[in-house]
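Numbering (this note's numbering), first residue to last: 1 to 141.
I should point out that these hints are in silico values taken from the structure, not numbers from a laboratory. Treat the hints with care, as some may be off.
Unchecked claim - SDA-like mimics (lysine to any residue), calculated; alpha carbons at most 25 Å apart, straight line:
id: 1; residue 1: K39; residue 2: I117
id: 2; residue 1: K74; residue 2: G88
id: 3; residue 1: K39; residue 2: P63
id: 4; residue 1: K89; residue 2: A111
id: 5; residue 1: K89; residue 2: M78
id: 6; residue 1: K89; residue 2: S26
id: 7; residue 1: K74; residue 2: F30
id: 8; residue 1: K39; residue 2: R59
id: 9; residue 1: K89; residue 2: F6
This structure is a prediction, so every number in the text was calculated from the model and none was measured.
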Amino acid sequence: SGMAIFDTMQTVTPDIYTICLGIAASMASFILLGGEPTKRIAFPHARIMLHQPASAYYRARTPEFLLEVEELHKVREMITRVYAVRTGKPFWVVSEDMERDVFMSADEAKAYGLVDIVGDEMIDKHCDTDPVWFPEMFKDW
Numbered sequence: 001s002g003m004a005i006f007d008t009m010q011t012v013t014p015d016i017y018t019i020c021l022g023i024a025a026s027m028a029s030f031i032l033l034g035g036e037p038t039k040r041i042a043f044p045h046a047r048i049m050l051h052q053p054a055s056a057y058y059r060a061r062t063p064e065f066l067l068e069v070e071e072l073h074k075v076r077e078m079i080t081r082v083y084a085v086r087t088g089k090p091f092w093v094v095s096e097d098m099e100r101d102v103f104m105s106a107d108e109a110k111a112y113g114l115v116d117i118v119g120d121e122m123i124d125k126h127c128d129t130d131p132v133w134f135p136e137m138f139k140d141w
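Use the sequences and the hints to build the structure in full.
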């Protein structure tokens with residue numbers, strides 16, 4: 001589960017760098033958020049999406065469905081609280097944003113607090129005109 005990955009990331013001693021190339025949607029955005037603050041990176045063309053948890057139990061009998069709804073509500077509260085704490089956004093803002101799929105560019109995700117660095121900032125900082133920039137980009141970390 002994504003929450004187990006996130007929890008594990010919080011317990012290890014070395015700093016965890018998270019990098020988004022392409023898309024980090026749903027639980028992947030939660031895991032991206034789990035990186036060490038100041039070390040969460042999205043590359044310039046990355047997309048990050050957050051939303052509320054979903055369930056596949058729509059065909060369950062009523063008692064099971066009601067239990068599932070209660071559990072989904074608890075999970076949603078936990079996830080929303082983590083997003084709020086890690087982004088610095090108020091709980092209610094994150095909760096409202098999670099009502100629907102919210103797609104963000106790397107710059108929008110940085111403004112929201114999901115990532116700390118947009119990859120082109122790193123390229124500009126670490127790699128003048130060197131065509132082999134990628135290893136240089138990470139040498140000071």
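Tested hints:
| no. | hint | verdict |
| --- | --- | --- |
| 1 | K39 - I117 | holds (7 Å) |
| 2 | K74 - G88 | holds (21 Å) |
| 3 | K39 - P63 | violated (44 Å) |
| 4 | K89 - A111 | holds (11 Å) |
| 5 | K89 - M78 | holds (15 Å) |
| 6 | K89 - S26 | holds (18 Å) |
| 7 | K74 - F30 | holds (16 Å) |
| 8 | K39 - R59 | violated (42 Å) |
| 9 | K89 - F6 | holds (19 Å) |
Hints 3, 8 from the earlier list are contradicted by this structure; the remaining hints agree with it.
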